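One letter stands for each residue in the lines below.
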Amino acid sequence: MNRNRAAQVLATPMAALLIAFAGAPLVMVVALSFWSFDGLEYHPDFTLANYVEVFSSAVTWTIFLNTVKYAAITWVLTLLIGFTVAYYLVFHVRVLKVQIGLFLLCTIPFWTSTVIRMIGWVPFLGKEGLFNNALIATGAIDRPLEFLLFSDFAVILTYVNLFTLFMLAPIFNSMAKIDRNVVEAALDAGASPAQILRDVIIPLSRTGIALGSIFVLTLVMGDFFIVRVMSGGQSTSVVSAMKNNIDQLYYPQAAAMAVLLIAVVLILVSVILRVVDVRSELAK
Amino acid sequence: METKSKSLSFWLLTAFFVLFVLFLYSPMIAVFILSFQGPTGGMTFPLRGLSLHWFTDLFTSSRYGDLGGAFQRSILLSLLAMLVTVVVSFFAGLGFRRRFWGSGALFYLAIIALVMPGILTGLGIGTIFQTLGLRTNWLVSGLGAHLSWTLPFGLLIMFAVLNRFNGAWEEAARDAGARPVQVLGMVTLPIVFPGLIAVALFGLTLSYDEYPRSLLTVGTRNTLPIHVANLTANVTTPALYAIGTLTTFLSLIVIAGAFGTISLAARKRR
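Those sequence lines, one after another, are chains A and B.
The numbering used here puts the first residue of the first sequence at 1, with every later residue one more than the last.
The numbering used here puts the first residue of the second sequence at 1, with every later residue one more than the last.
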């Protein structure tokens with residue numbers, strides 16, 4: 001009992017800071033969504049007008065669908081790439097030092113500026129960019145492709161470029177913990193590589209896959225800057241629409257949409273956490 | 001394992017890995033090369049000569065606003081966020097080794113903080129400050145917004161670190177007559193030290209690079225990511241790449257320092 005009390009005291013600063021700067025802001029956003037807005041200012045109130053407005057607008061559903069599309073495509077791509085790279089590093093690179101070195105090589109870009117790495121695609125994708133010039137030089141096309149920059153393609157390319165590491169790192173971490181003897185035992189029992197992958201490696205990497213999925217899905221669903229810049233302002237995601245509302249000081253409308261988004265994100269995350277008990281797996 | 005098909009899959013995967021690394025690094029490499037663009041060159045290839053023109057332009061022209069001030073604020077803010085994150089996550093991690101009243105709720109609060117879109121955290125904090133009649137300020141509301149992002153990361157890393165920590169080591173020290181403070185300082189802390197460096201590195205860089213959470217919480221004075229993001233809308237010269245090269249270079253120095261410290265600590269222990 002005494003020790004539990006001590007543990008509670010140790011966690012108190014974390015609890016206090018998270019309540020102040022995450023819990024309270026969340027409550028505030030929910031409260032804000034019920035406030036009224038008279039065209040100039042917003043006031044504490046209890047009205048459902050913001051929700052009615054958000055739900056009745058066809059635009060809302062279009063941009064929600066658009067956001068879900070971005071999230072789904074990015075999730076599939078980062079999962080495939082992240083899993084394959086982690087699998088290669090853990091099961092095909094035998095020397096531990098080389099393995100860790102190559103993993104660190106993948107993590108270095110993560111420590112540098114996101115904005116700058118995004119801008120770095122412009123010289124590749126632009127009308128006179130490297131891709132178009134190379135394609136024209138090989139004769140594959142005779143006019144520059146327009147869809148490369150300022151398009152959904154550019155947005156998803158940037159997402160995958162920036163977020164794959166968030167999938168790779170947790171999967172690498174859980175794969176590295178897999179006991180080699182288990183894999184050897186499966187081999188001795190006559191399992192094919194595909195069977196080992198499906199019945200041993202994927203189930204034992206599930207914590208990493210779950211964590212990585214949570215990271216990638218929430219990063220994509222929370223983004224407004226990449227979609228705005230890389231689509232050239234042509235595409236909208238939920239948060240970029242919200243950001244437009246905020247810029248015009250339509251805070252209550254933005255908050256109503258936010259509550260909807262947070263609900264979707266939390267349902268997604270709790271489904272993932274229900275399938276994989278991340279906390280007890282991490283504590284293993 | 002040395003069958004023919006195995007080696008084929010090995011080479012295919014190696015090729016995939018090389019392509020992945022190229023994909024990861026190519027924007028950075030392009031930024032680096034183009035930052036040395038000649039004075040008449042543009043945002044894309046080809047290079048029209050090599051020069052330091054755009055770097056000197058950053059320091060001499062007033063076109064780029066208070067770049068130096070934004071940089072200083074970002075450095076100070078990320079150092080503060082790092083310090084708080086390391087200390088708070090360390091103790092919370094120790095606490096979480098037992099199930100205490102509210103531990104489940106706190107874990108879920110950390111997950112919520114992690115998955116909440118950054119701009120909403122910022123909107124919430126900004127509105128709370130406004131409602132209370134306070135001004136948003138990069139050192140108070142800005143720091144708090146960053147902590148809502150770095151603390152959950154710190155906690156998750158501490159879970160992973162303490163996972164490999166054997167409680168018997170502390171028991172042994174206690175049996176040998178160590179006081180709680182001595183156990184903490186002479187047993188627990190040295191063993192989890194490399195993990196704390198990792199927490200520090202995350203705290204520092206996540207805060208240094210944070211954009212959405214900063215936007216509505218730093219008040220009138222911008223941090224570096226906001227400043228750079230604003231510049232992307234107005235500046236259409238390779239000066240943008242020069243900023244990129246400089247900030248990337250600084251980040252790399254910080255990482256090298258962190259890993260140097262980890263390996264030094266590891267060597268000392270041997």
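It is worth saying that the hints were derived from the structure and are not from the lab.
Nothing here was measured: the structure is a model prediction, and the numbers come from that model.
A couple of the hints might just be wrong.
[Claimed, not checked] Label-pair distances were calculated between CB atoms; the ranges are:
#1 A:N2 <-> B:V21: 46 to 54 Å
#2 B:N163 <-> A:P193: 23 to 31 Å
#3 B:G38 <-> A:A58: 45 to 53 Å
#4 B:L19 <-> A:L104: 17 to 25 Å
#5 B:L76 <-> A:G233: 29 to 37 Å
#6 A:S270 <-> B:T56: 31 to 39 Å
#7 A:A58 <-> B:S51: 48 to 56 Å
[Stated by the list, open to error] If you want the ones that stay clear, here's a sample from chain B, every Cβ over 10 Å from chain A, calculated:
#8 A145
#9 D209
#10 R267
[Stated by the list, open to error] In silico contact screen, one side only, chain A against chain B (beta carbon under 10 Å); selected entries:
#11 L32
#12 S36
#13 L40
#14 L104
Ideal placement from N, C-alpha and C gives every residue a C-beta, glycine not left out.
Here is what the structure says about each hint:
Here the CB-CB span from N2 of chain A to V21 of chain B is close to 52 Å, well matched to the stated 46 to 54 Å. Taking the beta carbon of each, N163 of chain B and P193 of chain A are about 30 Å apart, inside 23 to 31 Å as hinted. The hinted range of 45 to 53 Å is satisfied by G38 of chain B and A58 of chain A, whose Cβ atoms lie roughly 50 Å apart. The beta-carbon spacing between L19 of chain B and L104 of chain A, approximately 18 Å, falls within the hinted interval of 17 to 25 Å.
At about 34 Å, the CB distance of L76 of chain B to G233 of chain A agrees with the hint of 29 to 37 Å. For the hinted restraint 31 to 39 Å between S270 of chain A and T56 of chain B, the CB-CB distance of approximately 53 Å leaves it violated. Distance hint check for A58 of chain A and S51 of chain B: the Cβ-Cβ separation is about 52 Å, which falls inside the suggested range of 48 to 56 Å. The Cβ of A145 of chain B sits about 6 Å from the closest Cβ of chain A, inside the 10 Å cut-off, so the non-interface label is violated.
Not every CB of chain A is more than 10 Å from the CB of D209 of chain B (nearest about 6 Å), against its label as outside the interface. No Cβ of chain A comes within 10 Å of the Cβ of R267 of chain B; the nearest lies about 15 Å off, and the non-interface call holds. Checking L32 of chain A against chain B: minimum C-beta separation of about 6 Å stays under 10 Å; hint holds. The closest approach between the C-beta of S36 of chain A and any C-beta of chain B is roughly 14 Å, which is over the 10 Å cut-off, so the hint fails.
Interface hint status for L40 of chain A: violated, as the beta-carbon distance to the closest one in chain B is roughly 15 Å, over 10 Å. The beta carbon of L104 of chain A comes within 8 Å of a beta carbon in chain B, closer than 10 Å, and the hint placing it at the interface holds.
Checked against the numbered hints above, the structure breaks hints 6, 8, 9, 12 and 13 and satisfies the rest.
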